[in-house]
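These protein sequence lines map, in sequence, to chains Y and W. According to the UniProt record's numbering, the stretch in the first sequence is residues 1 to 311, in order. According to the UniProt record's numbering, the stretch in the second sequence is residues 1 to 311, in order.
Just to be clear, a hint being listed does not mean it is correct.
Heads up, the list lumps identical chains together, so a pair's fine if it works in one copy or across two of them.
Said to hold, decoys possible - Here are the simulated lysine-lysine pairs, DSBU-like style, with alpha carbons at most 35 angstroms apart:
#, residue 1, residue 2
1, Lys26, Lys230
2, Lys182, Lys41
3, Lys307, Lys172
4, Lys146, Lys130
5, Lys41, Lys64
6, Lys26, Lys307
7, Lys146, Lys26
8, Lys172, Lys64
9, Lys230, Lys172
10, Lys230, Lys166
11, Lys260, Lys166
12, Lys307, Lys230
13, Lys146, Lys41
14, Lys146, Lys166
15, Lys262, Lys166
16, Lys130, Lys52
17, Lys97, Lys64
Keep in mind that the hints were calculated from the coordinates and are not lab data. If you're wondering where the values come from, they're calculated on a predicted model, not measured in any experiment.
Number of protein chains: 2
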Amino acid sequence: MDGTTEKKARLDNGSSVRPPNPYLEKQDVDVLFHIGLATDKDQLPARFGDVKFVCMGGSTTRMKRFAEFISERLGFGTQNGTVLTDLCSTDRYCMYKVGCVLSVSHGMGMPSISILLHELIKLVHYAGCKDVVFIRMGTCGGLGLKPGTVVVTDTAVNEMFEPAYKVPILGKIVSRPTQLSKEVATELLAAHDSNADYDVTTGNTMSTSDFYEGQARIDGAICEHTLEDKIAYLQAAYEAGVRNIEMEGTCLAAMCGAAKIKGAVVCVTLLDRLLGDQVTMTPEQHQEWEHRPQELLARFFINQLRKEGLY
Amino acid sequence: MDGTTEKKARLDNGSSVRPPNPYLEKQDVDVLFHIGLATDKDQLPARFGDVKFVCMGGSTTRMKRFAEFISERLGFGTQNGTVLTDLCSTDRYCMYKVGCVLSVSHGMGMPSISILLHELIKLVHYAGCKDVVFIRMGTCGGLGLKPGTVVVTDTAVNEMFEPAYKVPILGKIVSRPTQLSKEVATELLAAHDSNADYDVTTGNTMSTSDFYEGQARIDGAICEHTLEDKIAYLQAAYEAGVRNIEMEGTCLAAMCGAAKIKGAVVCVTLLDRLLGDQVTMTPEQHQEWEHRPQELLARFFINQLRKEGLY
Numbered sequence: 001m002d003g004t005t006e007k008k009a010r011l012d013n014g015s016s017v018r019p020p021n022p023y024l025e026k027q028d029v030d031v032l033f034h035i036g037l038a039t040d041k042d043q044l045p046a047r048f049g050d051v052k053f054v055c056m057g058g059s060t061t062r063m064k065r066f067a068e069f070i071s072e073r074l075g076f077g078t079q080n081g082t083v084l085t086d087l088c089s090t091d092r093y094c095m096y097k098v099g100c101v102l103s104v105s106h107g108m109g110m111p112s113i114s115i116l117l118h119e120l121i122k123l124v125h126y127a128g129c130k131d132v133v134f135i136r137m138g139t140c141g142g143l144g145l146k147p148g149t150v151v152v153t154d155t156a157v158n159e160m161f162e163p164a165y166k167v168p169i170l171g172k173i174v175s176r177p178t179q180l181s182k183e184v185a186t187e188l189l190a191a192h193d194s195n196a197d198y199d200v201t202t203g204n205t206m207s208t209s210d211f212y213e214g215q216a217r218i219d220g221a222i223c224e225h226t227l228e229d230k231i232a233y234l235q236a237a238y239e240a241g242v243r244n245i246e247m248e249g250t251c252l253a254a255m256c257g258a259a260k261i262k263g264a265v266v267c268v269t270l271l272d273r274l275l276g277d278q279v280t281m282t283p284e285q286h287q288e289w290e291h292r293p294q295e296l297l298a299r300f301f302i303n304q305l306r307k308e309g310l311y
Numbered sequence: 001m002d003g004t005t006e007k008k009a010r011l012d013n014g015s016s017v018r019p020p021n022p023y024l025e026k027q028d029v030d031v032l033f034h035i036g037l038a039t040d041k042d043q044l045p046a047r048f049g050d051v052k053f054v055c056m057g058g059s060t061t062r063m064k065r066f067a068e069f070i071s072e073r074l075g076f077g078t079q080n081g082t083v084l085t086d087l088c089s090t091d092r093y094c095m096y097k098v099g100c101v102l103s104v105s106h107g108m109g110m111p112s113i114s115i116l117l118h119e120l121i122k123l124v125h126y127a128g129c130k131d132v133v134f135i136r137m138g139t140c141g142g143l144g145l146k147p148g149t150v151v152v153t154d155t156a157v158n159e160m161f162e163p164a165y166k167v168p169i170l171g172k173i174v175s176r177p178t179q180l181s182k183e184v185a186t187e188l189l190a191a192h193d194s195n196a197d198y199d200v201t202t203g204n205t206m207s208t209s210d211f212y213e214g215q216a217r218i219d220g221a222i223c224e225h226t227l228e229d230k231i232a233y234l235q236a237a238y239e240a241g242v243r244n245i246e247m248e249g250t251c252l253a254a255m256c257g258a259a260k261i262k263g264a265v266v267c268v269t270l271l272d273r274l275l276g277d278q279v280t281m282t283p284e285q286h287q288e289w290e291h292r293p294q295e296l297l298a299r300f301f302i303n304q305l306r307k308e309g310l311y
């Protein structure tokens, strides 16, 4: 097979990811600018073809710690004297690979995770990854939940409580449905250690474009609403099934849906927004709570790999 | 004066920044969560009270290099055996202080810079900074400009070419006017070294919520528009006075406007979007081009400090 036939054969394979963009096939070289990889200089199938779980989180140090934790907890990947290094050649994101797990930072907000998702969807496509799952693992504000509770997203909704991600394209607002994998959410919930001293629950997740005003806080630099407005809005969100609030979920759910990739969102709540705005837990609590989604994911990975006889 | 009277006196001072949020005065302690500073544990007036220029850029390493460059170029700040260290106690952003210049990374996209701006506006308020200027210094795509050209923003516009920043608050879209300082823009243009072998120009800057589809690219993972649609849209943007495209300008312009802070945006173009989508300059060009806004800012700082007899 020559290069073009081989490329076409890979594109025709049903279980691989096929990005919904007819122009990609016509492009000889693709530079994934923000992660710093390119189809001509990097051997993407050889380096990334075995990836099954693409895990994303906002913070760079957390995603490095997650890679180290997974390596230790699952006992694979960075054995035999290797050392984890950042695979992104830019400082926009960081990316670590531990066996079939990719741990990538996405920064904060939907534009930031959107750039990353465009490039990661193309990466798993060029690498020929099969049956890949994309999971965002983050921190969030909770609604009516004890701080430290882990929420597996049922439906990702926007600030109007609609299951939609709206983004301006060519001067028009395009609305895309949020589509997370019910199957992955169920398996994530089932992976929880029932002996743990914290809850893993499910609910709708609201994604916003701002942390302060966009999440109805009254402690931002700008605030044109009242305390009463805030309480009424958060109460309405709760009644619409929202159990946590973060800044990336709907974008991930819509982009994974469009690319037919199984997507999931797992976040730990750092505070109960029905009780206040300020994030004031101790550094020790922060570290302990941040670790909870990581442990859940580790148990989920083991369950999945066992099903396939790989663990 | 007791603490409350002193706080009130500071708030009443006209030349300081007064965040448009009546609730802030009622709050005893304010934790600036994402930059990791707090009004109770950090001596904000003593540490930040002399800040005049708050410079923001997307990349952490670029903003560190900028701080080092300013320290060297202006000959102040990190003299006498001190070493620059990151003042953010979280990894969400980085922040360096060199004399009256603060160099801060803002990540990518409006939600990311929005969180930072809320916290920086509160920081310069609590610190009692006077006549402070906020400047975003970034990279961008150009329209009809030679790559490497520096653009000082005239008007920041959204994807519909409107001078507005729209953000959902309490379930409704709130539209705020973009307001940059014409005076600062004029002084930035005047600071350009006429012997330099590149141009500094002015024009409208379009801010988008996505790098690929949101900027009409056809090389993202998802693309539902055609090459012809893209060309027509970029041409319409050019005709509306848009000369460069980035992802944060309208948010900065609206938030600075709301807080009555002089704001400016200075970006270098990495490619001409009328000719293509992929960013393919060499690392050497990238470094050289990224440095151009930095040199312009250094010359602007010197001019401003000279006016006040401080240089």
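Violated hints, by number in ascending order, as checked against the structure: 2, 3, 4, 6, 8, 12
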